[in-house]
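*Asks:* The listed protein sequences derive, respectively, from chains A and B.
Heads up: the first sequence is residues 1 to 168, going by my numbering.
Heads up: the second sequence is residues 1 to 100, going by my numbering.
Derived from the structure by calculation, the hints contain no laboratory data.
All values reported here derive from a predicted model rather than from experimental measurement.
Positions of the beta carbon are idealized from the N, C-alpha and C atoms, including for glycine.
It cannot be assumed that every hint is accurate.
Said to hold, decoys possible - Just so you have them, the derived chain A footprint on chain B, three or more residues with Cβ under 8 Å: (1) 1 to 11; (2) 14 to 28; (3) 49 to 60; (4) 74 to 83.
Spelled out from the first residue to the last, the chains are:
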Amino acid sequence: MLTIFFAVVAALSATSGIGVVVSRRPLYAALSLVLNMLSLALLFLLLSAQFLAAAQVIVYAGAVMVLFVFVITLLNPAREDSPSREPIQGGVAIFLGASFTLLASIAFLAGKAPGRFPDDAAATGGAALGSIQAIGQALFNDFAYPFEVTSLVLVVAAVGAVYLSRGR
Amino acid sequence: MPPLGAFLLLSAFLFVTGAVGVLIRRNPLVVFMCVELMLNAGNLALVTFSRFHQSSEGQVFALVVIAVAASEVVVGLALMVAIYKSGRPMDIDDLSEMRG
């Protein structure tokens with residue numbers, strides 16, 4: 001059952017990922033990216049990361065994509081005649097990508113690495129994996145300093161964006 | 001539950017798709033979207049390993065990556081608006097020098 005769910009969501013995610021790269025119009029690429037992020041949120045749910053799935057939907061599919069669509073409609077970039085820069089460059093890039101994917105599939109599927117996920121119930125005595133409780137404990141106990149630095153990054157980005165886009 | 005390798009393979013595929021997009025696309029907006037795709041693929045691998053090892057650290061990393069990606073998008077789109085205001089064409093081959 002979960003495998004069928006994974007297969008459907010993975011196919012959706014891979015298709016929309018390709019759609020981002022091949023769509024001629026930037027708006028279509030943005031819509032494909034929304035689809036891709038929503039399917040990744042479903043995969044996060046499957047991996048028992050409920051809080052992260054919610055954060056993915058709110059931050060990516062909400063805030064980031066609204067920003068993208070807003071800028072696309074503001075700048076209204078022209079439709080590209082051909083999406084790739086030069087045919088040779090595109091061919092080389094696609095060849096390299098295909099060979100890397102092939103190598104990755106050999107390494108991940110045919111390797112001797114343990115492939116089974118442990119049962120979720122086997123989690124250690126504390127809060128369940130992926131719950132707000134578990135994330136909060138990890139974030140504010142072990143990762144308090146990186147958390148603060150992240151907030152600093154956000155402030156610097158906001159100030160930088162205002163500085164860059166202000167009128168001259 | 002599907003095996004670990006299936007999630008990692010999907011993550012690798014999405015990363016490669018994003019990388020190919022960065023290499024071949026000319027519109028800087030679409031290049032940004034492909035970078036987002038790559039960051040998301042990394043997040044998927046982090047969450048997969050977090051589930052595999054039953055520890056929250058991977059999810060915390062993914063949360064930090066989401067925050068950094070959001071700030072990167074904000075700065076990048078501000079740059080895009082600044083380029084548009086300066087009247088230059090939106091083509092990264094024409095924007096290859098970093099002169100003000």
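*Asks:* All hints are to be evaluated individually against the structure, with a verdict given for each.
*Replies:* Hint by hint, here is what the structure shows:
1. 1 to 11: Contact hint for the segment 1 to 11 of chain B vs chain A: holds, 10 residues under 8 Å.
2. 14 to 28: This one holds; 12 residues, not fewer than the three required, reach chain A with a Cβ under 8 Å.
3. 49 to 60: It holds, with 9 qualifying residues against the three required.
4. 74 to 83: Contact hint for the segment 74 to 83 of chain B vs chain A: holds, 8 residues under 8 Å.
Of the numbered hints given earlier, the model fails none.
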